[in-house]
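Given next are the chains, with one letter for each unit.
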Amino acid sequence: MSRAGRQHHAGPLTYLVLIMVALASLFPLYWTLVAASTDAHRVVSSPPPLLPGGNLFHNLAYVWHNAGGRGMGVALLNSTLVAGSVTLSTVALSVLAGFAFAKLRFAGRGVLMALVVATLAVPAQLSVVPLFILMKNLGLGNHLGALILPTLVTAFGVFFMRQYLVQALPTELLEAARTDGANSLRVVWHVVVPIARPAMAVLGMLTFVQSWNDFLWPIIAMNGSTNPTVQVALAGLGTGWSTDWSVIMAGALIGTLPLLLVFALFGRHIVGGITQGAIKG
Amino acid sequence: MAVSTGPQRRQTWRTRLYRWDSKGAPYAFVAPFFVVFAAFGLFPLLYTGWLSLHQVSLYNVSRSRWVGLQNYTDLLSGPPSRFFWNALRNTVTLGALSTVPQLLLALGLAHLLNYRLRGRSFLRIALLAPYATSVAAATLVFALIFSPEGGMANWLLGLVGVGPVHWEAGHWTSQFAIALIVTWRWTGYNALIYLAAMQAVPGDLYEAAAIDGANRWRQFWHVTVPALRPTILFTVVISTIGATQLFGEPFLFGGQSGHQGGAANQYETLGVLMYDQGFRDSMLGRASAIAWTMFALLLLLGLVNALIARRLRRAQ
Chain Y
27 MSRAGRQHHA GPLTYLVLIM VALASLFPLY WTLVAASTDA HRVVSSPPPL
77 LPGGNLFHNL AYVWHNAGGR GMGVALLNST LVAGSVTLST VALSVLAGFA
127 FAKLRFAGRG VLMALVVATL AVPAQLSVVP LFILMKNLGL GNHLGALILP
177 TLVTAFGVFF MRQYLVQALP TELLEAARTD GANSLRVVWH VVVPIARPAM
227 AVLGMLTFVQ SWNDFLWPII AMNGSTNPTV QVALAGLGTG WSTDWSVIMA
277 GALIGTLPLL LVFALFGRHI VGGITQGAIK G
Chain B
1059 MAVSTGPQRR QTWRTRLYRW DSKGAPYAFV APFFVVFAAF GLFPLLYTGW
1109 LSLHQVSLYN VSRSRWVGLQ NYTDLLSGPP SRFFWNALRN TVTLGALSTV
1159 PQLLLALGLA HLLNYRLRGR SFLRIALLAP YATSVAAATL VFALIFSPEG
1209 GMANWLLGLV GVGPVHWEAG HWTSQFAIAL IVTWRWTGYN ALIYLAAMQA
1259 VPGDLYEAAA IDGANRWRQF WHVTVPALRP TILFTVVIST IGATQLFGEP
1309 FLFGGQSGHQ GGAANQYETL GVLMYDQGFR DSMLGRASAI AWTMFALLLL
1359 LGLVNALIAR RLRRAQ
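Going down the list, the protein sequences come from chains Y and B. First residue of the first sequence: 27, per the working numbering; consecutive thereafter. First residue of the second sequence: 1059, per the working numbering; consecutive thereafter.
There may be inaccurate statements among the hints.
Quick list of in silico lysine to any residue cross-link-like pairs, SDA-like style, CA-CA up to 20 Å [unchecked claim]:
hint	chain 1	residue 1	chain 2	residue 2
1	Y	Lys129	B	Phe1092
2	Y	Lys129	Y	Asp206
3	Y	Lys129	B	Tyr1076
4	Y	Lys129	Y	Ala208
5	B	Lys1081	Y	Trp215
6	Y	Lys162	B	His1112
7	B	Lys1081	Y	Arg212
8	Y	Lys162	Y	Leu242
9	B	Lys1081	Y	Leu242
10	Y	Lys162	B	Gln1113
11	Y	Lys162	B	Ala1097
To list a few chain Y residues with every Cβ distance to chain B over 10 Å, as calculated [to be verified]:
hint	residue
12	Pro54
13	Trp57
14	Pro78
15	His84
16	His91
17	Gly97
18	Gly99
19	Ala140
20	Val154
21	Pro156
22	Gln189
23	Val192
24	Glu198
25	Trp238
26	Ala261
Simulated DEER-style distance windows between Cβ atoms [claimed, not checked]:
hint	chain 1	residue 1	chain 2	residue 2	range
27	Y	His84	B	Pro1288	51 to 59 Å
28	Y	Asn168	B	Leu1214	41 to 49 Å
29	B	Asp1079	Y	Ala140	22 to 30 Å
Note that these hints are calculated values from the structure, not bench results. Think of the CB as a built atom: it goes at the ideal place given N, C-alpha and C, for glycine as much as any other residue.
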């Protein structure tokens, strides 16, 4: 990696601009916390409160038990279930397919890989109408399964793992395992997975964030459900369920905190994953 | 004889198994993706096209009626055409408002982040925090900030003696606010993508430019930007795809008013119109026609992008 451009130390003006941008990035999140800790009256008062008040736990407890039918607590559990299943399945199936595309020889590999790349650009959002009908026919109307099935594995995941394994997986290692008589599944488990682990972690986090934040399809699939995900509950919260902004913000806070926590813990890896995927893409 | 065929037979059985495994395994490994894509990607996309030629009710999906191209002609010149053209216009203006400043800002930010900095990891994580915030949460926070009564934006404007502005009700003010939500969520993400690409630019290019007497500003325009061209193209493509489908922000920005897309549809996008026609007014055929129009729009944008990319490559 070259040090180009970084040879220069940043001047005070650079710091000033960057700090202001960082503040602008973080302020709405801070404001969510502040607003969630006030009450219906105080949250829209002028001048607006800039420091947290004492109402935070009251508001959190309220949305935890009441919002979206059965409360944000249930919604949180549902979102964790959906995003967790989607993540596990996407990572596992992407490793298998990515490995096959990266290192195995088979007829039609080039065409099939081109198909994967082509489907990268097909937005799933345009297919919500038939998807809705399909899920209804499968008996999955208002069912969490309807949110999991369509994203069991994604073109992005396959592409991402393939790009990683092409470089990271030494072909000699595979040949050695083959000569020892290991079958394909054993090769995957004992050779591919240990090497793919860092990329699996990155893909896992990206997939979890995406699934957690998905909006259009859950709104349609879980329309009117009393068993919503976080995003569906938030949408209900923001469009009429409550007129108290401090309560709405408490819901937004609960819906955002888990991901912010994931980011605080693994932020560096996520940054690496995003940039890797983009440059090679 | 029986003694000699035993191991031999096992041998052939083994090699057969081995051959079967090495021939079949690749297909078994890639099959799940193609099965999922066929069932939940390709089939629904094509079926959308089929449905767009029918009249289908949300409440009685199995009884659809063939109407040919009527859904499309209705959208283009029939009774709902007013909403369609309005939504198309809004999608284009909101798309431009939310992607062009965003990508320029991200490019500038990446340039600054590329200096030798203290606290670099903190800055990166701060810039990426909005990306971790969901559309719903972000839109609700900004709806409060731009609230006509007691919103922070109007309070700030009031300090300098302007306003109050009724952000949500106005055409351009609402679009500005929504574009700001999109910009807030995605600028840091794009800046980090640009940053990674900048760090991969070979240093001697800069040295050569410096010897030629180019100052840092000229180096940025004549070395950095050309080297970043593929990455910029990538982000432009991703952002236009996102902008064409813009849904969550305009869907929720109206908040309590209950008007998704605005009382006068002043920020209703194609995505919101599709939802509205399909899942509120239960006209799934018409919603499908809107989806395919969006698909056509994306193909058109992709074509334009490809042409521009080719021209740029040739010009180089």
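Against the structure, the hints:
| no. | hint | result |
| --- | --- | --- |
| 1 | Lys129/Y / Phe1092/B | holds (18 Å) |
| 2 | Lys129/Y / Asp206/Y | holds (18 Å) |
| 3 | Lys129/Y / Tyr1076/B | holds (17 Å) |
| 4 | Lys129/Y / Ala208/Y | holds (16 Å) |
| 5 | Lys1081/B / Trp215/Y | holds (18 Å) |
| 6 | Lys162/Y / His1112/B | holds (19 Å) |
| 7 | Lys1081/B / Arg212/Y | holds (15 Å) |
| 8 | Lys162/Y / Leu242/Y | holds (17 Å) |
| 9 | Lys1081/B / Leu242/Y | violated (41 Å) |
| 10 | Lys162/Y / Gln1113/B | holds (18 Å) |
| 11 | Lys162/Y / Ala1097/B | holds (14 Å) |
| 12 | Pro54 | violated (5 Å) |
| 13 | Trp57 | violated (6 Å) |
| 14 | Pro78 | holds (15 Å) |
| 15 | His84 | holds (18 Å) |
| 16 | His91 | holds (19 Å) |
| 17 | Gly97 | holds (16 Å) |
| 18 | Gly99 | holds (17 Å) |
| 19 | Ala140 | holds (13 Å) |
| 20 | Val154 | violated (7 Å) |
| 21 | Pro156 | violated (4 Å) |
| 22 | Gln189 | holds (14 Å) |
| 23 | Val192 | holds (15 Å) |
| 24 | Glu198 | holds (17 Å) |
| 25 | Trp238 | violated (7 Å) |
| 26 | Ala261 | violated (6 Å) |
| 27 | His84/Y / Pro1288/B: 51 to 59 Å | holds (52 Å) |
| 28 | Asn168/Y / Leu1214/B: 41 to 49 Å | holds (43 Å) |
| 29 | Asp1079/B / Ala140/Y: 22 to 30 Å | holds (26 Å) |
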